[in-house]
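Here are the chains, one letter per residue:
2 protein chains.
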Amino acid sequence: MGTLDFWFEFASTYSYPAAMRIGPLAESAGVTVRWRPFLLGPVFKAQQGWEDSPFNIYPAKGRYMWRDIERICAAQKLPFVKPAVFPQNTLVAARVALIALAQGWGEDFCRGIYSAEFGRGRDIGEAFAVADVINALGRNPDAVIEESRTQANKDALREQTEQALRLGIFGAPSFITADGELFWGNDRLEAALAWANGQG
Amino acid sequence: MGTLDFWFEFASTYSYPAAMRIGPLAESAGVTVRWRPFLLGPVFKAQQGWEDSPFNIYPAKGRYMWRDIERICAAQKLPFVKPAVFPQNTLVAARVALIALAQGWGEDFCRGIYSAEFGRGRDIGEAFAVADVINALGRNPDAVIEESRTQANKDALREQTEQALRLGIFGAPSFITADGELFWGNDRLEAALAWANGQG
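As they're listed, the protein sequences go chains A and B. Going by UniProt numbering, the first sequence opens with residue 1, and the numbers climb by one from there. Going by UniProt numbering, the second sequence opens with residue 1, and the numbers climb by one from there.
No lab work stands behind these hints: they were computed from the structure. Be a bit skeptical, because a hint or two may be false.
[As the list claims (entries may be wrong)] Pairwise CB distance ranges (calculated):
(1) ASN56(B) with ARG67(A): 23 to 29 angstroms
(2) GLY138(B) with ARG166(A): 51 to 57 angstroms
(3) GLU126(A) with GLU190(B): 34 to 40 angstroms
(4) GLU51(B) with VAL81(A): 33 to 39 angstroms
(5) GLY104(B) with THR3(A): 47 to 53 angstroms
(6) LYS154(A) with GLU27(B): 54 to 60 angstroms
(7) GLU190(A) with ALA84(B): 30 to 36 angstroms
(8) GLY49(A) with LEU165(B): 23 to 29 angstroms
(9) ALA156(B) with GLY198(A): 47 to 53 angstroms
(10) ARG21(A) with ASN56(B): 31 to 37 angstroms
(11) ASN56(B) with GLY198(A): 30 to 36 angstroms
(12) ILE57(A) with ARG158(B): 24 to 30 angstroms
(13) PRO54(A) with GLN163(B): 22 to 28 angstroms
(14) GLY121(B) with ALA136(A): 51 to 57 angstroms
In this text, a Cβ means the ideal position worked out from N, Cα and C, and glycines have one as well.
In isolation and in its complexed conformation, chain A is listed as follows (with noise of 0.2 angstroms):
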């Protein structure tokens, strides 16, 4: 019974198809998986001293990548609308996600802002978008907003962000098995469980 931490950012298309199998694929492998939100920019930043999406910066690249999610999407029966804004700012999304991954609720809140933002095309960088998906599953939005923008949970997010860095995470969706590997994209999903169940 392996575990496996899987790091993601709700701007990240890639991280889509990966928040939405990850469940099922590793309960079917027996492994734990941790949910583990953190911002890329900071990322991007430090590593590759980009200030924007790769997708943005290397248009051939990008207009691949939209091409490419979309030929996902559809192996995989997940609906899928280009967002007119991208990359979105996923600041509140992510405060958010620290606090109900707490309280337990924190993976369907994940898909809920996955599905939102890149399932029906919607922009979560705007704070009732967020409220919407709190609110679909019954939770109070201004309460949980509220309590995202604590110093804690703030300074809880940005540590987050940090540690990814210090284990030489550069992009998202990347997971790490509990012995360090470190296995980047959604189409490494499968070698990433594979590891952590002492199979690699």
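Please build the complex by placing chain B on the supplied structure of chain A, with the hints as guidance.
Just chain B now, with coordinates in the frame of chain A:
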């Protein structure tokens, strides 16, 4: 019975496992593969402004890539030795590949170059390393390398690289189906073959 263009560069690490497995995979899928060597340097420069391998430009990504390719080769039971020189000058090898592919021994030559470079860590930027590969295939290295240096063959490689750019290729390996679908990366080979067979 589909067809697939396999665009590769000898300096590309991920093109190595792709080149070694595309033959049998395409055969069982009933797909005809056209091997298309090109030079990644001009493509990286035009599409991304890079003057070096991204794995050298971005050290965290580079460290990850070497570990990832090591794991992939282990899973594929391919020998892997990290070459002392990276990326390598692949001009001689790419020009010879065009000649060899036109003469029907090109796929063996390409696999031979990849095995020398990433399976045994040789510097295939040296003409004598390329000569060893030609020799092992029972051909005359001097005559072949001489032939590869004609203006017509130099132009053919330049034209092929320009075609890669026109097709939107930004990295290697890349796969393009007859209906124009682009797939990037060794990890997209299966999807590209399925698409070539109309099962995309």
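Hint by hint, here is what the structure shows:
no.: 1; hint: ASN56(B) with ARG67(A): 23 to 29 angstroms; verdict: holds, 28 angstroms
no.: 2; hint: GLY138(B) with ARG166(A): 51 to 57 angstroms; verdict: holds, 53 angstroms
no.: 3; hint: GLU126(A) with GLU190(B): 34 to 40 angstroms; verdict: holds, 39 angstroms
no.: 4; hint: GLU51(B) with VAL81(A): 33 to 39 angstroms; verdict: holds, 37 angstroms
no.: 5; hint: GLY104(B) with THR3(A): 47 to 53 angstroms; verdict: holds, 52 angstroms
no.: 6; hint: LYS154(A) with GLU27(B): 54 to 60 angstroms; verdict: holds, 56 angstroms
no.: 7; hint: GLU190(A) with ALA84(B): 30 to 36 angstroms; verdict: holds, 33 angstroms
no.: 8; hint: GLY49(A) with LEU165(B): 23 to 29 angstroms; verdict: holds, 25 angstroms
no.: 9; hint: ALA156(B) with GLY198(A): 47 to 53 angstroms; verdict: holds, 49 angstroms
no.: 10; hint: ARG21(A) with ASN56(B): 31 to 37 angstroms; verdict: holds, 33 angstroms
no.: 11; hint: ASN56(B) with GLY198(A): 30 to 36 angstroms; verdict: holds, 33 angstroms
no.: 12; hint: ILE57(A) with ARG158(B): 24 to 30 angstroms; verdict: holds, 27 angstroms
no.: 13; hint: PRO54(A) with GLN163(B): 22 to 28 angstroms; verdict: holds, 25 angstroms
no.: 14; hint: GLY121(B) with ALA136(A): 51 to 57 angstroms; verdict: holds, 55 angstroms
Violation of the numbered hints given earlier is absent; every hint is satisfied by the structure.
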